[in-house]
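Undergrad: Chain by chain, the residues run as shown.
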Amino acid sequence: MIRKIWAIFRRDLKVNLKDSIALYILFIPILLAVLINLFTPGINETTVGLALLEGDNTSQVNYLEQFAEVELFKTVEQVQERVEERDATIGILPENDRYYLMTQGNEPEGIVDYAKIVNSFYELDITIEDTNSELFDFERTVPPFKKTLVNTMILLISILGGMLIALNIVEEKADNTLSAINLTPAGRLTFVLGKSVIGVLLSVIGTIALIVITGFGTVNLLQLLLVLLVTSLLSISVGFIQGLTSSDIMTAAGSIKILFLPLLAGVLAIEMLGDKWQKFFYWNPFYWAYKGNDLILSQSGTWGQIFMYSGIVLLISGIVYLFLAPKIRKGLE
Amino acid sequence: MISVKNLYHSYNKDGKYQVKDVSFEVANGEVFGFLGPSGAGKSTALNILTGLLPLQQGEVVVGGYDLKKVSNERFNKIGMSFEQSNVYSKLTAKENLDFYRKLFDVPTLDSHTLLKLVGLEGKEHVKAGEFSKGMKHRLTFARSMINNPEMWFLDEPTTGLDPSIAADIKDIIKEKNKEGVTVFLTTHNMFIADELCDRVAFIVDGEIKLIDSPKNLKLQYGDKLVEVEYIEKGEVIKTTLSTVLPEDKRELQKIIEHHDIQTMHTKEATLEEIFIKVTGRGLV
Numbered sequence: 001m002i003r004k005i006w007a008i009f010r011r012d013l014k015v016n017l018k019d020s021i022a023l024y025i026l027f028i029p030i031l032l033a034v035l036i037n038l039f040t041p042g043i044n045e046t047t048v049g050l051a052l053l054e055g056d057n058t059s060q061v062n063y064l065e066q067f068a069e070v071e072l073f074k075t076v077e078q079v080q081e082r083v084e085e086r087d088a089t090i091g092i093l094p095e096n097d098r099y100y101l102m103t104q105g106n107e108p109e110g111i112v113d114y115a116k117i118v119n120s121f122y123e124l125d126i127t128i129e130d131t132n133s134e135l136f137d138f139e140r141t142v143p144p145f146k147k148t149l150v151n152t153m154i155l156l157i158s159i160l161g162g163m164l165i166a167l168n169i170v171e172e173k174a175d176n177t178l179s180a181i182n183l184t185p186a187g188r189l190t191f192v193l194g195k196s197v198i199g200v201l202l203s204v205i206g207t208i209a210l211i212v213i214t215g216f217g218t219v220n221l222l223q224l225l226l227v228l229l230v231t232s233l234l235s236i237s238v239g240f241i242q243g244l245t246s247s248d249i250m251t252a253a254g255s256i257k258i259l260f261l262p263l264l265a266g267v268l269a270i271e272m273l274g275d276k277w278q279k280f281f282y283w284n285p286f287y288w289a290y291k292g293n294d295l296i297l298s299q300s301g302t303w304g305q306i307f308m309y310s311g312i313v314l315l316i317s318g319i320v321y322l323f324l325a326p327k328i329r330k331g332l333e
Numbered sequence: 001m002i003s004v005k006n007l008y009h010s011y012n013k014d015g016k017y018q019v020k021d022v023s024f025e026v027a028n029g030e031v032f033g034f035l036g037p038s039g040a041g042k043s044t045a046l047n048i049l050t051g052l053l054p055l056q057q058g059e060v061v062v063g064g065y066d067l068k069k070v071s072n073e074r075f076n077k078i079g080m081s082f083e084q085s086n087v088y089s090k091l092t093a094k095e096n097l098d099f100y101r102k103l104f105d106v107p108t109l110d111s112h113t114l115l116k117l118v119g120l121e122g123k124e125h126v127k128a129g130e131f132s133k134g135m136k137h138r139l140t141f142a143r144s145m146i147n148n149p150e151m152w153f154l155d156e157p158t159t160g161l162d163p164s165i166a167a168d169i170k171d172i173i174k175e176k177n178k179e180g181v182t183v184f185l186t187t188h189n190m191f192i193a194d195e196l197c198d199r200v201a202f203i204v205d206g207e208i209k210l211i212d213s214p215k216n217l218k219l220q221y222g223d224k225l226v227e228v229e230y231i232e233k234g235e236v237i238k239t240t241l242s243t244v245l246p247e248d249k250r251e252l253q254k255i256i257e258h259h260d261i262q263t264m265h266t267k268e269a270t271l272e273e274i275f276i277k278v279t280g281r282g283l284v
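Protein chains in written order, with our numbering: chain U, 1 to 333; chain E, 1 to 284.
Just so you know, these hints were derived from the structure itself, not from any lab. Do not rely on the hints blindly, as some may be mistaken.
As the list claims (entries may be wrong) - So the derived label-pair ranges between C-beta atoms look like this:
| no. | chain 1 | residue 1 | chain 2 | residue 2 | range |
| --- | --- | --- | --- | --- | --- |
| 1 | U | Lys-330 | E | Thr-159 | 23 to 31 Å |
| 2 | E | His-125 | U | Lys-279 | 33 to 41 Å |
| 3 | E | Ser-132 | U | Ala-174 | 13 to 21 Å |
| 4 | U | Leu-261 | E | Gly-282 | 52 to 60 Å |
| 5 | U | Lys-330 | E | Ser-23 | 54 to 62 Å |
What the hints assert, rightly or not - One-sided excerpt, in silico: chain U residues whose CB lies under 7 Å from chain E:
| no. | residue |
| --- | --- |
| 6 | Leu-17 |
| 7 | Lys-173 |
| 8 | Asn-176 |
| 9 | Ala-186 |
To be verified - With a straight-line cut-off of 20 Å between C-alpha atoms, the simulated PhoX-like cross-links for lysine-lysine are:
| no. | chain 1 | residue 1 | chain 2 | residue 2 |
| --- | --- | --- | --- | --- |
| 10 | E | Lys-123 | U | Lys-4 |
| 11 | E | Lys-5 | E | Lys-133 |
| 12 | U | Lys-173 | U | Lys-14 |
| 13 | U | Lys-330 | E | Lys-13 |
| 14 | E | Lys-102 | U | Lys-4 |
Note that the coordinates shown come from a computational prediction; the quantities given were computed from them, not determined experimentally. No residue lacks a Cβ here, since even glycine has one placed at the ideal position from N, Cα and C.
Using the sequences plus the hints, can you model the full thing?
TA: Structural data, given as structure tokens:
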């Protein structure tokens with residue numbers, strides 16, 4: 001069976017390397033990685049934003065300005081509005097004789113920790129000479145925006161894997177070769193697995209290339225691989241169904257873009273919406289995959305968390321597969 | 001061998017059968033032909049035998065495998081040449097065959113040998129997409145032999161091919177049959193059926209009307225005639241006479257004795273004529 005799966009994969013690869021659209025898809029991960037490196041700022045250019053009350057504590061403002069970008073607002077409500085905006089600005093507000101941190105809930109852990117520390121420095125009267133504002137203590141070497149882009153591209157690459165599968169299925173349909181395959185001892189399961197390999201490999205190899213080029217090469221690869229594989233299940237299922245229902249390559253490539261919608265919805269929900277909106281996106285496997293990848297890219301995810309997110313993605317993808325499986329089986333007859 | 005009993009098939013499962021109560025047996029080493037017009041149910045029956053269509057009703061055993069029990073193993077013994085060529089257009093002829101070789105569990109024929117057999121020697125590295133229709137058909141035909149099949153299914157093996165390619169294909173079928181391969185072919189070409197088949201089945205509207213050898217059918221249904229062209233008073237006269245009726249036999253003798261014979265042919269009934277006589281339908 002393995003020999004036949006390998007033969008089907010090698011045939012697909014051979015054809016894909018001769019096809020310009022497929023070739024483009026195969027090399028997109030590298031292109032994306034280079035673009036991310038070109039257009040995202042380095043860590044030293046990244047600033048941490050803090051929102052404070054105007055006139056509350058001038059010495060505190062002066063102190064914090066040494067470590068972060070400080071914005072001043074007249075009321076607590078205005079600070080809250082600022083905190084709820086798209087970026088990861090954190091409010092520092094007075095309460096009794098101390099200060100508390102106002103967060104939106106979706107800020108990167110490192111940024112919150114940084115705000116806590118610089119505020120503690122102020123409260124403990126630690127001077128600038130005694131401190132180091134580099135994110136050395138958090139082992140962060142890349143800015144949050146870059147991480148967001150890389151995470152989104154990882155999910156995009158898994159969709160491209162599905163797209164490649166769809167292209168190969170369309171080719172089989174156009175050449176009417178499915179009937180010939182059905183009369184070999186390969187069997188339908190072998191065929192499905194063989195056809196899936198190229199999509200999974202694109203996802204895995206493309207993602208590894210992406211994270212290495214963009215500077216995330218030190219993340220836990222096993223954790224990343226787990227999330228990748230479960231996310232690929234969804235893309236593979238959709239790739240098969242779109243391939244079997246599309247009459248030509250362009251239609252297949254176009255129709256698989258339907259997956260971009262939940263992908264973007266998941267990313268935007270996590271990055272832009274507050275806690276109260278999150279529950280509306282729990283149905284979305286990309287939402288959970290993004291969360292899992294975020295922990296992996298931050299190098300802060302425990303195996304328990306990764307298993308939990310992967311499990312949720314697997315469950316949702318499994319439900320989608322169960323729904324699509326009869327159509328895939330019928331299409332392959 | 002192939003054994004089919006009371007086979008029915010309805011595409012829409014609505015009681016309208018494309019194959020109705022079809023029963024027949026094909027012995028090992030036999031060439032058996034399904035002869036019928038387009039839409040008669042030939043390809044439907046063939047696709048059930050090969051496993052491309054599911055068995056809905058009836059009993060079918062092919063090469064010792066009961067089709068009610070799913071087994072991919074049986075495909076090691078089966079070869080199928082499709083009416084419409086179906087090869088990977090982006091792969092070369094050799095790459096096409098090399099790929100299929102890897103999908104079987106039995107020893108396979110070398111791609112180069114197969115291509116040589118069907119007259120595609122020297123075209124190994126040409127993409128199938130650049131082939132003519134006839135070349136694609138030959139590649140599809142070559143692929144059907146890749147696993148040295150014991151049961152060889154041929155769907156309209158020579159339809160649409162030019163006569164020289166058709167002749168080559170017929171020679172290969174005869175050669176393989178001599179080696180002991182059982183051949184099941186569908187055709188609406190009575191010459192192919194006549195030339196290749198040990199027995200033929202006439203199928204119309206999904207039903208088998210008759211099964212026998214072409215020779216027996218001609219003996220049973222054909223008229224024994226002779227067509228003569230001779231010269232009488234400077235004119236060429238053409239006449240057809242029975243070799244059975246006494247008056248025609250006397251007339252024939254007279255012509256031979258008293259005239260210059262230009263041409264003389266025995267005129268057997270063709271399978272097509274017999275088909276029309278038996279089924280009341282043409283073969284087109």
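Undergrad: Each hint needs a verdict: does it hold in this structure or not?
TA: Taking the hints in turn, this is what the structure says about them:
no., hint, verdict
1, U:Lys-330 <-> E:Thr-159: 23 to 31 Å, "holds, 29 Å"
2, E:His-125 <-> U:Lys-279: 33 to 41 Å, "violated, 59 Å"
3, E:Ser-132 <-> U:Ala-174: 13 to 21 Å, "holds, 18 Å"
4, U:Leu-261 <-> E:Gly-282: 52 to 60 Å, "holds, 56 Å"
5, U:Lys-330 <-> E:Ser-23: 54 to 62 Å, "violated, 30 Å"
6, Leu-17, "violated, 10 Å"
7, Lys-173, "violated, 11 Å"
8, Asn-176, "holds, 4 Å"
9, Ala-186, "holds, 5 Å"
10, E:Lys-123 <-> U:Lys-4, "violated, 26 Å"
11, E:Lys-5 <-> E:Lys-133, "violated, 37 Å"
12, U:Lys-173 <-> U:Lys-14, "holds, 17 Å"
13, U:Lys-330 <-> E:Lys-13, "holds, 16 Å"
14, E:Lys-102 <-> U:Lys-4, "holds, 6 Å"
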